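Trainee: If you number the sequence shown the way my numbering does, the last residue is 330 and the count never jumps.
Be a bit skeptical, because a hint or two may be false.
Claimed, not checked - Calculated lysine-lysine pairs in the DSS-like style (CA-CA distance at most 25 Å, straight line):
no.	residue 1	residue 2
1	Lys267	Lys221
2	Lys200	Lys221
3	Lys246	Lys267
4	Lys251	Lys221
5	Lys200	Lys251
6	Lys267	Lys251
7	Lys200	Lys267
8	Lys200	Lys246
9	Lys246	Lys221
Said to hold, decoys possible - Each pair of labels, with its calculated beta carbon distance range:
no.	residue 1	residue 2	range
10	Ala128	Ile182	27 to 37 Å
11	Gly47	Ile143	17 to 27 Å
12	Val311	Glu242	30 to 40 Å
13	Gly288	Ala59	34 to 44 Å
Honestly, the hints are just simulated from the structure, not real lab data.
What you are looking at is a predicted structure, and each value in this text was computed from that prediction instead of being measured.
Think of the CB as a built atom: it goes at the ideal place given N, C-alpha and C, for glycine as much as any other residue.
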Amino acid sequence: MNGCWLLAAATDSSSAWAELGSKLSGTEGRAIIGWALAVLALWLIGPNSSLSRKIAGAVFGVLGLGVFWSFVPAMSFLPAESVFLLLAGLTIFSAVATISARSPVYSAIWFACSLLGTAGLFLFQGAQFLGIATIAVYAGAIVVTFLFVLMLAQPEGHAFFDRVSWGKSPRAVIPVVTMAIVSLIAYQFGKSDIRNHVKAEELVNQTVAELAGPDAAVRKVVHHQDGDVTVLEVDVVANEEALSKLEDSKSELQRSIGERIPDWSKCVVDFHAGTDVRTADHVAHLGGQLFGANLIGVEVAGCLLMMALVGALVVAGLDEEKKPGATAR
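Using the sequences and the hints, build the whole thing.
Mentor: Shown next as structure tokens:
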């Protein structure tokens, strides 16, 4: 009797563990595991943490990053995936170094590196305006950060704001909220619909490159469901001859998408003429407006930032000379 009871208990326990394992290996389980590992990593690598805590945080961070990476759809083109990995790694590493560095100066430098990586990712995805705007706009923010560090930070610790922080509450709450957002985004990427879209977009780009070459460029690819039919709308900038070739190849492209993506076996591709850079409402004309009609304002803003930076350096130099034992320069 006892043997039967133990056997039944062992069977129930094994089935419970198997069910738990299946849930954790699913999309929701992986998102929760990645969230927990990332929160623990951010908690351990704070600016005031010891070396052992930072090493442990780095280990948990790598594990959490590996879990989140399992949500990212794989690219079929190896050079493109290599560039993406390089830029993503630079962005993530610089962002972590920004919040873990003790010196505000180093934090600002790492923040600038993170912005460069983010701008590179924008450029890699074909969003040239966002990439250049990230560098142009945030370059001023970086300069302002350096100004505040040089003019307001007092290493002696005499100022109230240099000695008192917000405490440990934000340190506990911010990682939880931040990584919850990241986990939600990763969970969305883990859905098959997004993975199917990535595969279809690769096929569209490959088809356009083979048929039209430099005469056409894909601007945007979106899809929606019309009953059991998946409609793929492609905005492409091309001349009439290239558009005619693409229209003639739609049936072959639809067949390729259906073979590669079983969920989209019924797929319809619609090509639309995208916005050309020569049109008046294109964002490419923003640069012409900035450095054309508004050239004086842009130059004045640059001169003001340069003067403020030089003034901050002078103020910092005067503070050094006032210290006892300072040598004359």
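Trainee: Each of the hints needs a verdict: does it hold here or not?
Mentor: Right, here's what the structure says about each hint:
1. Lys267 - Lys221: Distance of about 21 Å is within 25 Å: holds.
2. Lys200 - Lys221: holds, 14 Å
3. Lys246 - Lys267: holds, 22 Å
4. Lys251 - Lys221: holds, 17 Å
5. Lys200 - Lys251: holds, 16 Å
6. Lys267 - Lys251: holds, 13 Å
7. Lys200 - Lys267: holds, 15 Å
8. Lys200 - Lys246: Holds. Lysine 200 to lysine 246 sits at ~22 Å (cutoff 25 Å).
9. Lys246 - Lys221: holds, 19 Å
10. Ala128 - Ile182: 27 to 37 Å: This hint is violated: roughly 21 Å between Cβ atoms.
11. Gly47 - Ile143: 17 to 27 Å: With a Cβ separation near 23 Å, glycine 47 and isoleucine 143 satisfy 17 to 27 Å, so the hint holds.
12. Val311 - Glu242: 30 to 40 Å: About 56 Å separates the Cβ atoms of valine 311 and glutamate 242, which means 30 to 40 Å is violated.
13. Gly288 - Ala59: 34 to 44 Å: holds, 41 Å
When each numbered hint is compared with the structure, violations occur for hints 10 and 12.
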